[in-house]
Amino acid sequence: VDMEDARQRYSDAALDYGHAPSQFALGMINYTGAGLESVDYGRAGELFKQAAAGGHIGAKGQLAKMYRLGQGHAWDRDLAVARSLFEEAAHAGDQESQYQLGCMYRDGEGGKKADMAKAVDMWK
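When the letters of the sequence shown are read in order and numbered with my numbering, they come out as residues 634 to 757.
For the record, the hints were derived by calculation from the structure and aren't laboratory data.
Accuracy of the hints is not assured; some may be wrong.
Said to hold, decoys possible - Below, a list of computed lysine-lysine pairs in the DSBU-like style, where the Cα atoms sit at most 35 Å apart: (1) Lys682 to Lys745; (2) Lys698 to Lys751; (3) Lys745 to Lys698; (4) Lys746 to Lys757; (5) Lys746 to Lys698; (6) Lys682 to Lys698; (7) Lys757 to Lys682; (8) Lys745 to Lys757.
What the hints assert, rightly or not - The calculated label-pair distances, taken between Cβ atoms and stated as ranges, are: (9) Ala725 to Leu648: 21 to 27 Å; (10) Lys745 to Leu669: 18 to 24 Å; (11) Arg642 to Lys746: 42 to 48 Å; (12) Asp748 to Gln641: 43 to 49 Å; (13) Gly675 to Gln641: 15 to 21 Å; (14) Val753 to Leu648: 24 to 30 Å; (15) Leu648 to Met749: 41 to 47 Å; (16) Lys757 to Asp638: 29 to 35 Å.
Note that beta-carbon positions come from the ideal geometry of N, C-alpha and C, so glycine has one too.
Throw the hints in and build the complete structure from the sequences for me.
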C-alpha cells in the first residue's frame, strides 16, 4: 500500500467533502504516524473532532482516548470530557469505548466515584 497515496485520497475526501469516515481514517494516519515521518496528535485530534461531529462513533472513541491520555498539543488531559465521549460511543456500540469506559468506572475517573458494578456491565 502506498501510504502517501492513501493519505492524499483520504485528505481529498475528508477536506473537500466533509466525509466523516475519511476524516477518521486520515486522523488515524496522523495518530499512528503510518507512512509519515512522525505522529501528529494535534492534527489527528482535529480530524477526529470533525469526524465525530459528522456522526462517526469510532472518532468519538478515539477522541475520548486522546482526552483521557492528554495527547495532543491543542488540549490538556480532561477526564470529564473523555468520560462523556466514551459514554456516547459506548452506548452507540463501540466496543473499544465500552472497554475504556469500564476502566474509567473501575478507577473512578472523570469526576465520579469508582463503581465496579458499572465497570463489569460495560465489559460484558
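Structure-based check of all given hints:
1. Distance check on the hinted pair: Lys682 and Lys745 sit about 25 Å apart at the alpha-carbon level, within 35 Å; holds.
2. For the given pair, Lys698 sits about 19 Å from Lys751 by alpha-carbon distance, which is consistent with the 35 Å threshold.
3. At roughly 18 Å between alpha-carbon atoms, Lys745 and Lys698 fall within 35 Å of each other, so this suggested pair holds.
4. Annotation: proposed proximity of Lys746 to Lys757 holds, straight-line Cα distance about 20 Å (limit 35 Å).
5. Between Lys746 and Lys698, the direct Cα distance comes to roughly 20 Å. Compliance with the 35 Å bound is thereby established for this hinted pair.
6. Between the alpha carbons of Lys682 and Lys698 the distance comes to roughly 12 Å, so the proposed pair stays at or under 35 Å and holds.
7. As the CA atoms of Lys757 and Lys682 are separated by approximately 28 Å, the hinted pair is consistent with the 35 Å bound.
8. For the suggested pair Lys745 and Lys757, the alpha carbons sit about 21 Å apart, so the restraint of at most 35 Å is met.
9. Range check, Ala725 to Leu648: Cβ separation about 25 Å, and the 21 to 27 Å hint holds.
10. Distance hint check: the CB atoms of Lys745 and Leu669 are about 37 Å apart, inconsistent with the given range 18 to 24 Å.
11. Separation of Arg642 from Lys746 is about 46 Å and conforms to the stated range, judged on CB atoms against 42 to 48 Å.
12. Distance hint for Asp748 and Gln641: a CB-CB separation of about 45 Å, consistent with the stated range 43 to 49 Å.
13. At roughly 20 Å, the beta-carbon separation of Gly675 and Gln641 lies within the given 15 to 21 Å, and the hint holds.
14. Between Val753 and Leu648 the C-beta distance comes to about 42 Å, which lies outside the given range of 24 to 30 Å.
15. Under the hint 41 to 47 Å, the C-beta atoms of Leu648 and Met749, about 44 Å apart, fit the expected range.
16. For the pair Lys757 and Asp638, the supplied restraint of 29 to 35 Å is violated, since their beta-carbon distance comes to about 41 Å.
Of the hints listed earlier, those the structure fails to meet are numbers 10, 14, 16, in rising order.
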